[in-house]
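With the hints as extra help, turn the sequences into a complete structure.
Number of protein chains: 4
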Amino acid sequence: MTRKRVAVAGASGYAGGELLRHLLAHPEVEIGALTGASNAGQALGSLQPHLLPLADRVLEPTNLDTLAGHDVVFLALPHGQSGAIAAELGDDVVVVDCGADFRLADPAAWERFYGGDHAGTWPYGLPELPGQRDRLRGATRVAVPGCYPTVSTLTLAPAVAAGIVEPDVVVVAASGTSGAGKAAKAHLLGSEVMGNASAYGVGGTHRHTPEITQNLSSLVGGTVAVSFTPVLVPMPRGILATCSAPLARDLAGGLTAEEAHELYAKAYADEPFVHVLPPDQWPQTKSVIGSNAVHVQVTVDEAAGRLVAVGAVDNLAKGTAGAAVQCMNLALGLDEGLGLTTVGIAP
Amino acid sequence: MTRKRVAVAGASGYAGGELLRHLLAHPEVEIGALTGASNAGQALGSLQPHLLPLADRVLEPTNLDTLAGHDVVFLALPHGQSGAIAAELGDDVVVVDCGADFRLADPAAWERFYGGDHAGTWPYGLPELPGQRDRLRGATRVAVPGCYPTVSTLTLAPAVAAGIVEPDVVVVAASGTSGAGKAAKAHLLGSEVMGNASAYGVGGTHRHTPEITQNLSSLVGGTVAVSFTPVLVPMPRGILATCSAPLARDLAGGLTAEEAHELYAKAYADEPFVHVLPPDQWPQTKSVIGSNAVHVQVTVDEAAGRLVAVGAVDNLAKGTAGAAVQCMNLALGLDEGLGLTTVGIAP
Amino acid sequence: MTRKRVAVAGASGYAGGELLRHLLAHPEVEIGALTGASNAGQALGSLQPHLLPLADRVLEPTNLDTLAGHDVVFLALPHGQSGAIAAELGDDVVVVDCGADFRLADPAAWERFYGGDHAGTWPYGLPELPGQRDRLRGATRVAVPGCYPTVSTLTLAPAVAAGIVEPDVVVVAASGTSGAGKAAKAHLLGSEVMGNASAYGVGGTHRHTPEITQNLSSLVGGTVAVSFTPVLVPMPRGILATCSAPLARDLAGGLTAEEAHELYAKAYADEPFVHVLPPDQWPQTKSVIGSNAVHVQVTVDEAAGRLVAVGAVDNLAKGTAGAAVQCMNLALGLDEGLGLTTVGIAP
Amino acid sequence: MTRKRVAVAGASGYAGGELLRHLLAHPEVEIGALTGASNAGQALGSLQPHLLPLADRVLEPTNLDTLAGHDVVFLALPHGQSGAIAAELGDDVVVVDCGADFRLADPAAWERFYGGDHAGTWPYGLPELPGQRDRLRGATRVAVPGCYPTVSTLTLAPAVAAGIVEPDVVVVAASGTSGAGKAAKAHLLGSEVMGNASAYGVGGTHRHTPEITQNLSSLVGGTVAVSFTPVLVPMPRGILATCSAPLARDLAGGLTAEEAHELYAKAYADEPFVHVLPPDQWPQTKSVIGSNAVHVQVTVDEAAGRLVAVGAVDNLAKGTAGAAVQCMNLALGLDEGLGLTTVGIAP
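Residue numbers (this note's numbering), protein chains in the order written: chain F, 4 to 350; chain D, 4 to 350; chain V, 4 to 350; chain R, 4 to 350.
One copy or two, it doesn't matter: identical chains are merged, so the pair holds either way.
Below 20 Å or equal to it, Euclidean Cα-Cα: the simulated SDA-like pairs (lysine to any residue) are:
no.	residue 1	residue 2
1	269	56
2	188	42
3	188	285
4	185	209
5	188	48
These are computed hints drawn from the structure, not numbers from a lab.
Quick look at the structure:
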């Protein structure tokens, strides 16, 4: 089989670099154009020195000329820039957008949280949602989920879908800093973030809130109330999402931790990248760093009357670039796991 | 006035070291005996090299002989060891226990979470609770609160006490590692905790859960349901507690973020060590490291129907040693703030 | 005695914040004008939230109007901006410059490493150098040393001055990130510096090289060759300088580690802020964080024929703001240690 | 071709886990017995949760029974334990020892730095040393180099071998904490190492000193004096070695940075895993994390009269497990790079 020719727009950022790390490990692709904005003309080795095999590649500008002629184009661009480019790429090209532009189905939600015109809605790149894997097979446009929505949705989905909790969830997610990107901002300096934990987007104002709501609501045919708070903690990668919801009021006889664990284990039994840990072993982000795996655990807090579930993900891997490659594989009809691993790098 | 002579039992640990750091800054005390267990006989300089003025002090064994003859004895011992020692210290000695032994009023809660016999209940060292400051004035026994309960309670108390939320709270607290102490454990190695976030004590099993429940319930004359999850994050000090609860069902006309902020600002207007930040400024742990201050912020998530409040504390300072000194000041009739600061060390 | 009225120009940066942290603990000063450039008009609480007692202070612009009328003016400005301001402040005002402008005596060295015109040379604020304390008493202008030069000089001075090493030293200094300042730069993002060690200014190109050379050369009446390499490591504060030099060729009978330690102990016996650790205890930065102390240790590597000494300093405290306050105290005729501590904050 | 059956003795530690991470990516091996000491009987998933594909494997005890019947046995055991086991494994088995037991040729050096009897000397697993690759091809016993010696040797070898520096080198190496292993020790707790830099083994007492000396001396036919100081810094992985030496006294016309760079570039032109960065780009550890690459840069400090070179390595990858796999490939006659990558994981 001929290797697929793949371009990465936005190759100098964190998502772009992680895409290339994944693509370098993929047996069926050939890395084509790498593009950037202000960095066009620079060697990738000076921008992403960890990608040694591509050190001599020079970034080209992001435009139709450079992106044309590829089988797949990954877009790792600032929010709002994907629509215009995607519109000009042919329908025969698989376009995988790592940005937010095409994730939300509700234009009002887009407008409220992102502002500006809603670009549209593409097949949502979370194959683990019911029916979603089939929608992604052969797709030519894919919207890669946000990092927080990926782990929050996967950590809560079995409970929400089964109706064992009220549709009223609380998510507090401790996140590394790379999710905030590579643009220089004073509050993201190492001097600021090391030794420091801080909440942001509190009160439901973070842009990933409507996306989590959309995902969980799709499981129940109604609106799931989502209280989402991201917390920045001193590590470069990884998200640990602590999620909970009241046990369903109509649960006859309650729910034990064992029953909850069994439900989760069954729900993900066939999923290659979602792993429910053995009872009493709790997820930690370092187990999934560099990998496409999500580790999940669940229990029941009887005194508080809540189900509590915790999920861990690498925000750049399964949270962004790994999911993008997984979706590309589905779109191209390849084995879903090509170029991906469930092995993390620790310590 | 003669300086008060103060002993510290357990001077080689993190709580003990932080007590000494505070006491070195206190104008009305003289540091007497410093005791340890396996470290007795060693110079403090080899164990706590940051306490330079005490470098030549030698640790004595922890017993009645070494602790006798002081006006104040701080106990920074493993849980379960304070009772026996305290029983033998005279009623004229102020004993401030940084351990858990005397925090809980309910023997059943003690037995469930700690095991063994309940040692008893001492005045609880959180002067910011209603009526509590008066109980601490002139007390000769004080139980210093746990670090998580301190910040969780202070972050939720105004809302719970005012009845603007249902008595059903969720606390997810990102914590530095020093709360776990200085004993060598493989899962607390730097190699394990750096670059890693992990939840523990999930499902209401952490020992601080009944203490938070006790504190909040005392505000409403009923039981407040508490879902508490601690998350270990890669920093040595500090806790950031993200707290929320459903808005009270009987709130006529809802509650705005401004109203919630105003309520909090009023509640803590006269408190020297609890600071409600200006609207839209959210707490971060680095602002309180080394200080006795707690920074708090609150908002309302209308879509989720919840009040969300965030608090930051230095687990070793206001979370342990600072609170201990604050309570000692009250017990001795000194100015409550002697030896304490609201200035953190950042970055 | 009337408190001295003190202004801080550049109060929004790391050096400025640390100056204020020190000044808040100083019993003989009153904090006057706080100035900034782009941050003028903002409340300090939004910029330095750890300085709670000053949260409501508003930054004024940096100019003669705002800085006039103070007994002391601290300048914590970008290099090259101190000269013009200082020139307009009267000779009766004590001006303490935390920048580099007035540190170097040799205009050629200034021009080579900083470029532009050399502003001049002020009394150098390292009282531990021979004769230097006397020069600082009553001074009205003080150039605060750079952070690397402070620790490198103090770690090597006793050996160099005694002639027990060749005038040919190697310094490799692991540094936290705050020395690079608070300006947003992509390579200083938390995502970049966490989990990462990197050398910079290699080959003698760092601007602190001529300052170390100047200090050490002043001890021997000739030029000391200095090979200096700074290494950025993932911590916000602190420098650990590993220093070595060949044992002097004319040392009859060699030199033992004990002799080297004794020499160092004697050299710093009367220094309040330089502490030679007991034999076999090696400095670590966390012991000096927040303190004005420098911890030093020395040994002899017989096989390599070198003396090896290690020093630890808090780059913002004794490395900048602590030294500035120490020099202010000398300039004003106050007790040299006012507002300063040798107690670090650990863990 | 049949896959080679490979055992790992010491699978629960950091070196063992990293070996398995590499072996999982190796197309020509089948992972056989995994053994441990106190952890025998436990599932690997509870000890190395990042190695998801092996989660259900149970550790067996380390002995001849469990290790028999493999083509390759990796030993990742505490120093001193490899000799006895290796003696009983047949000569047809490839034994790759990640410990120190067989690295040193000089029994006196062994005794001085490690104590006890010298087990012997095996082919040294640094193929980049002159002639060494040929000695490793087809070998049945390999001693994997120490992490510090790997990066120190590779960073200095071209200069030492070419005689452009005096045989008198200084190495200061900033290291992450995983090199110290997974055994619980109080001074390696996260609370101790985060925010902290500390030197240890100062004065030539670190056990890797004689190994660096042996390597560099082998290049010149005489003894190279080595002053080596390791510095522990707050990161889990990676070593950055700052190395320097006086320019050779007999260099006619001196040496420029360009000439030094050219020499290094030529020396490593054919090495798959040693990469000399383009001029002015300096190594950083994050570029090599997870990879088998060593990044090197060199310059000349004219004022100090020294050549300065910096190298970065992942202590667990090319510094241990990657080198072990590289040597196994050579021993088995496989492609040297199988299972290895030059792509790091960043940020």
